[in-house]
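*Asks:* Residue-level listing of the chains:
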Amino acid sequence: MRASNIWRLGVKELWSLVRNPALLALIAYAFSLQIYVAATAVPLYLNNAPISIVDEDVSSLSARIASAFYRPYFSAPKVISLPEMNQRMDAGIDTFALVIPPNFERDVLAGSEPAIQFNVDATRMTQAFTGAGYVRAIVSAEVTEFARHYRAAEAAPVDLVLRARFNPELNAGWFSAMMEVINNVSLLSVILAGAALIRERERGTIEHLLVMPVTPIEIMLAKIWPVALAVFLAALFALTVVVQTWLAIPVAGSLWLLMLGLVFQLFATASLGILLATIAGSMPQFGLLLLMVLFPLQVLAGGLTPAESMPSAVRAVMMAAPDTHFVSLSQSILFRGAGLGAVWPQLLNLFAIGLAFFLLSLWRFRKSLRSRGR
Amino acid sequence: MISHEQEQRTLEPAVLAARLRGVSHVFKKKRALDDITLDFPTGRMLGLIGPDGVGKSTLLSLIAGARKVQQGYVEALGANMSSARERNGVGPRIAYMPQGLGKNLYPTLSVFENIDFFGRLFGHAKAERERRIHDLLVSTGLGPFRDRAVGKLSGGMKQKLGLCCALIHDPDLLILDEPTTGVDPLARRQFWDLIAGIRAERLEMSVIVATAYMAEAAGFDWLVAMDAGRVLAAGSPAELQAQTRTSSLDAAFIALMPDERRKQHRAVVIPPRPEDNGKEPAIEAEGLTARFGDFTAVDHVSFRIPRGEIFGFLGSNGCGKTTTMKMLAGLLPASGGTARLFGRELDPQDLGTRRRVGYMSQFFSLYSELTVRQNLELHAQLFELPAADIPSRVDAMATRFDLTEIMDGLPDALPLGVTQRLSLAVATIHAPEILILDEPTSGVDPVARDALWQSFVDLSRQDGVTIFISTHFMNEAERCDRISLMHAGKVLVSDTPAAIVEARGAANLEEAVIGHLQEAGGGQAVTAPATSDAARSHAGANPNASTRRFFDVRRMMSYARRETLELRRDPIRASFAFIGSLLLLFVIGYGFSMDVENLPYAVLDHDQTTISRSYDLDIAGSRYFTERPPIADYADLDRRMRSGELSLAIEIPPGFARDAERGRPVQIGAWIDGAMPSRAETARAYVEGVHANWMAQAMREKLGPRALAGDFQLETRFRYNPNVESRKAIVPAVIAMLLLLIPAMLATLSIVREKDLGSIVNFYVTPVSRLEFLLGKQLPYVGLAMMNLVTLTAFGIFVQGVPFTGNLAAFIAGGLFYVIATTALGLFISSFMNSQIAAIFLTTLATMLLAVKYSGMIDPVASMEGSAVLIGAVNPATHFVTIARGAFSKALGFAELRSSLVPLLAAGPVLIGLSVLFLKKQAR
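Taken in order, these protein sequences are the chains called A and W. So the first sequence is residues 1 to 374, counted in the numbering used here. So the second sequence is residues 1 to 924, counted in the numbering used here.
By construction, these hints were calculated from the structure, which means they are not laboratory data. There could be a bad hint or two in this list.
As the list claims (entries may be wrong) - Incomplete in silico selection of chain W near chain A, CB under 8 Å:
id	residue
1	Pro677
2	Leu714
3	Leu842
Glycine included, C-beta positions come from ideal geometry on N, C-alpha and C.
Given only the sequences and the hints, what does the whole structure look like? Please build it.
*Replies:* In structure tokens form, the structure reads like this:
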């Protein structure tokens, strides 16, 4: 294995990237505008949750409850009729609907504990969960406050002081932006590395390399490092310029430690791309295979929903995916300011997975070269 | 017959086959055609001759309507090719066969299916089509190969098939761009016999051919010699020879060239080879054999090539020449026999041997992303030439192969002859002792070819390089020291060219070679085309009828049928789509849980009393939390939260039990990991719930039942999914996602791939409209996606146990609208994308975003902000997620789902309309 060959063949890959303007434009978009949109457009927690109220009481208390829901957590509640409620929930317009029964205010004051019916569209999982808690708290507070004017209630003897650490306002845009960077890192590196190999095969230039004093491992490494470099630079740009400067999201830990993790991640994903390319026979097959792999990586790696809530079998399988470790590592560094002492296990895992992918793809690559037909 | 023929031709001089007035064409900076004015007479055999890259192909594609006219006036069969209407009208009367072996054919389809596709495009009825195909197959000798996949045909057979596809609709103008390049002599002869036969039958047909073979051009009626985008001369071969006072067309061609071009040309001079110096031969093969499965490509081939010899390799297409050369270059392992280079057994792993061998493959294999200089430098570096010598070596190669002026250009932009010279420069940069050259002169014009050959001769005679070369040109074969003739994997004869001619008693080498090949059973006898009178009466009327229509179902179905066949021939793609999507549905439906459970937490208990522990136990008892070892101190708390080990830390202050007992205000501290906001929100709700519960418990113990009384009750009803199981919400959403990702990717690549591989030209030159083409391409993928919808839904219901409560018909209708929209999204992307890599990236990026982020799978679209609201509202996935969840869990039917079905129904047509707008019907 000679470093000079790896260097020279890799420079060639960079040229091919530079001379594909459509691809460059897409990369630029994916690491700038898309991050910005992700941070500003789609909050992951309760935001603007659609709620309606069926007010059969029409009292000052029911009006008070209705006015307690406001943006950004809830949409301004719509006052509707009972039949409308079913229709709207069926059509998926509302996630929440409160039914305030007739004489509610009177019954509260009389101490007869009237019931409010609270409908939740449980097919909207996250919002249903988080929102239900909010709605309950808001309604309780309003009713209690209202009742307190009329009779004294006992103060709670034990207070719970809840604080969120690392992102005190629970700003979902922060999380969303970071996850977008991470997702695009694996997306781009797998595609670029794999497609570079397939294209070389479809154009017949791989054959040309094989008549030269170049070994398969050199060819593979020369496919990996330029991809890693390009994606590394794009990610660095996204984190420093887009995330830190433009979006003004604080990065708690050391950016360079994260970048070290990124190098390991790129080693693993670029190797994965090559592995997929050795399995796929043509670009269309590669495109499909890509979806088969990237889709679960994005959905199950812990960037979308917490990893510890998944069934243990899935978690075990996902432990073999580099993204799982990288997502956990970057969350620790970016938000919790964790140092090397805390994230070394993830680094080690990433490296081990990368090495395994690399060796596996090297083995497949060698095999595919040997069995090349006409 | 002759007189009749001539009468016919003189009778209609008014209509020309093609007319060009002041036509110019520019690619980027390069001027391909420069103010061409030409009239092509009708009913003749017309030839375009000239060096590579002088604009012959551009001219032909303009006449065929495959390329957009930039400047000037182009008329074919009386129709103005700048007018889309006139072009469509005349399209069925023109047939165009682009350059490159079988470039416009579909390799996975059989011979019959390929012709059938074109027949359907031109709207022939079934019986008519089959009769025509039968006739064409018989007359071209392709009959026995009717059901063979085109990818497995030899080059000559592919060209004949290309001709069949062009002739299926009885064109009045046949345009052939270098139809015999890379075709062996026997097949070439059969090809021209076939054309002659058809012309004898159809007198009014004009044929325009671009060719590099002067021997072929000599037989044409009328020739146009071109150079640098201009016409040098036009006339019959005899006229051209008379004009230049030369005795052969080859010589006339060279004489016609401008001075500076002509100066480059020297007749090839071959000095005699020095006597063998007794060393072991450079290349030695003994019983060399290559098998691919049952098929023996190379069957016990043996030869010895002494050092410094030029050894020629001849034979029919697909006879095993390339395979033999690949084995000698170490690219393919031999299935049997031995090969020795310089007396040493060939070891493909031995990098040392690779340095002594240079190989040039049949196909363009340079890096198109590197400039000429970068290509040369890269290869010099890879062969580890000393860094100091590289610039001088690169310059030397540039001078030798006449590349100095184009050193900073990209190879893609160069004409074929020049790229072949560059390939040769690359193959010889490390001064190899053996050169293995696989058809290095295919498609190269005569002047350039002679220049290349002079380099071979110089290498052999001056530097003692052994040259092993394959060729289809007989004048090149005659220049070799010795030649071997191969057929069907075996060597037929091996000797000096003169000896072979003599032994055969033939007039020349071509006759001798063809004689050998025919004897060995190569090629079927060519019979005259059996086009009956009935067929001819049908011709013309039939195709014209269908071209007038704006939208023709048959043409659309022709594309749909072909796409379906291709899909069926690629079982890996279909099974990826089916099995892969089931697997994904299973894994994600099972693994993707939005419930927040098992949150790791720990307690920093300063109090250590029964009461403080009861608080801890309450949390530990909840299924939402998992307890970890207690926290020792603040440093421990900080460290464990930072590493992500703990999602929740509880701090119970000293004296907690005592103070709570006495009713003094006490505070319990709780820290939640806010890194993942959605999880933090849920955790917060849980902690508050547990806390309230514990309080109520404690109060009840203290105050008795009085404490239970509250102000009101909140009865929460989790509708549609009473147990709040993620699965019920997720499975329908995952079905929606998969039906976006996979059909969109398949549809995108189906078109971008045609652009990449060149078969898109059929779309340019046949009467198929954009809409017919797009819908035809889309239909099979809609079918595949619908089958996928059924299997995914069945899997969701029966295997994953998600009850289906709504109206199945409404769901299926929604699914149909949805997959029409998702495949149309793929078509839309492909309408403006040209590179497969960029198309894959864009499709993945766009579909993942639409499926995961903006579909309402996690957050309802109503909860989004800014541009996301708009994206979410027009996103087909949003509407189908609503339909799928509604039909699965909410027991909904058509009426309730109308607000989602209507936008979904509109999405497909809108996207297809946009694709029609963006897709180009002609090349630039």
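*Asks:* So, for every hint listed, does it hold in this structure?
*Replies:* Against the structure, the hints come out as follows:
For proline 677 of chain W, the interface hint holds, the least distance from its beta-carbon to any beta-carbon of chain A being 4 Å, beneath 8 Å. Of the supplied interface hints, the one on leucine 714 of chain W holds, with its beta-carbon coming within about 5 Å of a beta-carbon of chain A, less than 8 Å. The criterion of a C-beta within 8 Å of any C-beta in chain A is met by leucine 842 of chain W, whose closest approach is roughly 6 Å, and the hint holds.
When each numbered hint is compared with the structure, no violation occurs for any of them.
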